[in-house]
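Colleague: Residue-level listing of the chains:
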Amino acid sequence: MRRQPFRAAEGGHLVDRSEPLRFDFDGHRYEGYQGDSLASGLLAAGVRIVARSFKYHRPRGVWGFGSEEPNAMVTTGIREDARANLKATEILLSDGLEAFGQNAWPSVAWDMGGAVGLAGRLMPAGFYYKTFMAPTRGWSALYEPLIRRMAGFGPAPAAPDDAFYAKRRIHADVLVAGGGPAGVAAALAAARAGARVVLADENVRFGGALLRMPGEIEEGDGLAWIDTAIAELETMSHVCLLRRATVTGYYDHNLLTVAERPDDDVEPSTPAVRLWFVRARDVVLAAGAHERPLLFDGNDRPGVMSASAAAGYAHAYGVLAGRQVVVAGNNDSIYAVARLLRGAGVAIAAVADSRSGGGVPDLPCRMGWVVERAVGSRRVRGVLLRRADGKPEDKGERIACDFVAMAGGWSPTLHLHAQARGSLDYDEERGLILPGRAGGVNRSAGAAAGRFDLDGCLAEGWAAGLAAATSSGHERPVGPPPRSPNRSAGDAPVSWQVGPGKRFVDLQYDVTAADIELAAREGYQSVEHVKRYTALGMGTDQGKTSSMAGLVLLSEALGRPVARTGTTTFRPPYTPVPIAAMAAGLVGEGRDALRRTAADDWHEAQGAVFTAAGLWRRPRYYPRDGMEEVETIEAEVRETRGGVGIVDVGTLGKVDIQGRDARVFLDLIYANRISTLGIGRGRYGLMLREDGRVFDDGVIMRLGEHHFYLTTTTAHQHAVMQHIEFLLQTVWPELEVYASDVTEHWFAAALAGPGSRALLGRAAPELDLSDAAFPMMAVRAATVAGLSALVFRMSYSGELSYEIAVPADHGLALWTRLLSEGREDDLTPYGTEAMGVMRIEKGHVTHAEADGRTTPDDLGLGRMVSADKRGVGKRSLDLPALRQKGRRQLVGLSVIDTQARIPPGCQVAESSDMKPAPPLGHITSFCYSPTFGRAIALALVENGRARTGQTVHITSPMTGLSMAAEVVPPVFYDAQGTRLHG
Amino acid sequence: MLLIPCPFCGARDETEFVYGGDAGVERPRNPETTTDEAWTDYLCFRDNPQGMHRELWFHRDGCQRWITIERDTRTHELGAVRLSRS
Amino acid sequence: MADDLSDIRRSPLAGLDLGSRAGGAGGVLLSEGAARESFILRGQADDAAFARAVEAALGIGLPQEPAAAVGSDALLIRLGPDEWRLIVPLADGGQFAARLASELARAGGPGALVNVSSATTVIAVAGERATDLLATGTGIDFDPTAFPPGQSVRTRVGNTQALIHRQAVDAFELHVPRSHARSFWEWLEDRGREFHAAIAL
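Protein sequences appear in the order of chains A, B and C. Quick note: the first sequence uses the numbering used here, first residue 1, plus one each step. Quick note: the second sequence uses the numbering used here, first residue 1, plus one each step. Quick note: the third sequence uses the numbering used here, first residue 1, plus one each step.
The shape of chain A in the complex, shown without the other chains (with noise of 0.2 Å):
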């Protein structure tokens, strides 16, 4: 285990020295301590090369100190545990933590695909575009393969990701995003006001910019003055804190998500992230700002690092990122740094500043000097400055150093502001693109806003913590704000350094000024394509640091100003959020919404093999010792045609209706008439859309003088009460008709085949099911099994058959009463294959036919449409478009091969070539019939009915197969209908 050689004697406010940590990077074993991230930690060991680029695979280091970090890109665990794309700066060091670099093999430090970094000039913009082209067939074969070993950054994990991820809703009036000195005072001048806040920050504690580089509030340490007022909105419990939560996305109407990632390796229970989704009446973005890079030669190198973000090591965990520091940039941020940088122990070797004039004594300025190229290449070993305003042939000076620290400013944290679509705004004498008019509701403050003085960022944080509260109804006192003495504003002038070299604007995707320079010459107008050619600010860190040079180096290479050029446009999320976690609760077995009839338990202990109807799920056969899944479902049919069967139907979907105009409503809403039916009797009927179409069909049976009950398709309950609703509310609103759906109140079972009525005659010894006493389609109230039922005689099969009701507590009482009833019968279970089977034999339609394009002529339903009354879509069948000759109509097909089988997918073709051609229809559905010991369909065939008697081919060009058929009419079985008696 290696020490560690870069940690300071003292200090580090986040980081417990008592407590070292061990954890592991590319094989190696270092120390670290509680507190530090995987940054500092390797910051601490002296670790310097943390990962590869993603084009060039140069060496890369610690660039930043949080979200922003566009480098240190690593990979933890191993195999299955693995998670890429992690930056090392967000990942909390945990005792035997493992992590890897990625983007390079055999590991960072030495690197095979480092070779191409020598032939990076062969690489420039728009690479892909203009390398990879013709022969097309080249990238299946070569091209893809290439660029996926090339490309890329971690591994995909081998195997699902077995962490627990969690979501949560939360309702809040104000949501502040950002805990620095102004999230912190808007949250507590908002929560004092009575406001419910969340208050969210991605770093572990709050206190934003102060974890970095100590301030002053109220006449003493800020971070102190942050941690009391963090205390007592702990005390309050209207308010909800959030730390390693970064705010991620702004959505309509003010809904943000916020990814939380509480600390690892506290229990199983505790989620890898909480997505929480956050429904805010106000929200103040106070995330902060972005430090941007300088552009000169090399400012990749390992070594080269923000300042803040130096400091910030400093600081926050008493880690040095060298011992001897160049200090270079154009504001004053950077005496700060190198006073702080100094005071814990690195030699400062110069401090650039590009501006002329001023400086300070107590350090080595060089005033109007600014960074030419960095040197060394594994790691920083010094700097060339130059002057500022020199000549190209100044020779400059060369400076050795370990470490460079570049302040060139900050960027205002945009994104959420414009997410919610709020106007930007660009600052040309401060060089700084600010929020302009809000788009949701929700105004920005300190950094974010522009406002880079610790005392502006209080008042105006406090100030928009007020307004907030107030504007969601909260106006209690809450004293005064607080004051800082540390009013210096610090802004940078906009300069961007031009010169030679490798100069990287987006350093994680490798876009150098020169690729900008190209995209601009090569004709590239809109910053939207510069991005997507370039691949600037593409990478997981979404060109939080290198936006805005880009944009900058964009409007100097086309000479217009950069308020033209204009930004890209913000998109969620703000940090990557895993797909593990907006999945969570989704996810996995038992998580989908799977809908059970009351039966269920029983199929499932008969071993039934189950299909998806919706989220249903019903059997499809009830598989036997010894018998293949097509014998079986053979079995089935036979045994339910020539004996009885019963088959669970509880998923239709049913509805009652009630009122003094249900007789009316459902002759509006049914093709055929309604209203004549008797009490006691049903009626098969045909639902049209407006537009003529069949939408749905199923069984309307009258219970009473006001009252029906009818049946829909499964896959249709929702939809249908939708519509009905629709209707009733917004068409025909003076009628006084009450339909509530009752599917789930009802389970129901199908006795189907000759010896139903026996069957039934002993279970319902009260009830007379003579054909007089109870004729096809009527309903009866009886006792069945020991249980109350409704009794309906109606036939899916073709066969005489009953359908009872009961209510679904009862279902599977009455479900297995029935089959020991059943056994002397030899009574089989069907499942929904069998069923299937029974019912194209007897050409009933399904979904599969009336499949949103047909009319009820088109499916030989035609003479069920009632010519004398009104209807909804009886208007359309009129339409010319829905009479015309050649509509595909439906039709039975008998295939001539007795040996011969229907593959899914099939069109049905005047020929067998199977040659391009326009098909005269499609198989709709499709089955081997054990009654008929053949091969039959339906289909849905121009002109069909006309073609009755031809012969037609069924053809399948995927598979190649086709097989000549018989056009017969749909129904296959019993067309009399003499079995429905028994």
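Treat the hints loosely; a few may be bogus.
Unchecked claim - Just so you have them, the derived chain C footprint on chain A, three or more residues with Cβ under 8 Å: (1) 163-170; (2) 809-816.
Unchecked claim - Which residues of chain B face chain A? A partial, calculated answer using Cβ under 10 Å: (3) Thr68; (4) Gly79; (5) Val81.
Honestly, the hints are just simulated from the structure, not real lab data. Where a beta carbon is used, it is the ideal one built from N, C-alpha and C, also for glycine.
With the hints as your guide, set chains B and C onto chain A.
Modeller: Leaving out everything else, chains B and C in the frame of chain A:
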């Protein structure tokens, strides 16, 4: 995700509702005397305004009422909201 | 003659064998609530004859405010402009409903009364983390000022639609569609891991 102020249930997530299209479409009172053209217009043709749109939503997971809301198609800003059956 | 129904009633949660897994304490307790009789009651809120018939039969007036629930033995919840839910103990044996049906008939048959006793399964969620657990799957605001105890709302929770009745600040009964009950229970248990959910009888 919109927050729709149901006139009966109060503000609820968009996911509780089903969109039902243009609320300005009126079913012809006498379909059989309506010309093919007018009927087709009723069936198929809808305005697609940039700005305020009066539209129907069904509160499937709440009061199960159809409601009529005004929504700005550019910003999702909502205007008046009422039960469709007034 | 129909059998005595009490012993043949089958809960959709029966297959989960909750009894053998019950016990322990956690931030939230899950249990199957007692079965109820429940009825959809439809009618016009401003129809005096309808309102009188309801009051005569149940001894409680029609609640007028949205989400309002009145009564104790017989709970009457307003779910929509013309929709209420009547929930009564199973032991009542249908007497409330029978009285209500006959009063409505005497009033000339306004509205509609529909038995949906088997349509829902009652699941109780209670404990200091009850609202947190429910908030993993619904957008309803559980702040007691927005959703005070005694009220009921119909909404979406997790993978299903549910009628949530708030009995106390940290005690809820969820009436969920019977066919969804088992997968909803499994969802609750899964989401409840975060709060150390325990099963109670």
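Colleague: Look at each hint and say if it fits the structure.
Modeller: Hint check:
| no. | hint | in the structure |
| --- | --- | --- |
| 1 | 163-170 | holds (count 6) |
| 2 | 809-816 | holds (count 5) |
| 3 | Thr68 | holds, 8 Å |
| 4 | Gly79 | violated, 14 Å |
| 5 | Val81 | violated, 13 Å |
Checked against the numbered hints given earlier, the structure breaks hints 4, 5 and satisfies all the rest.
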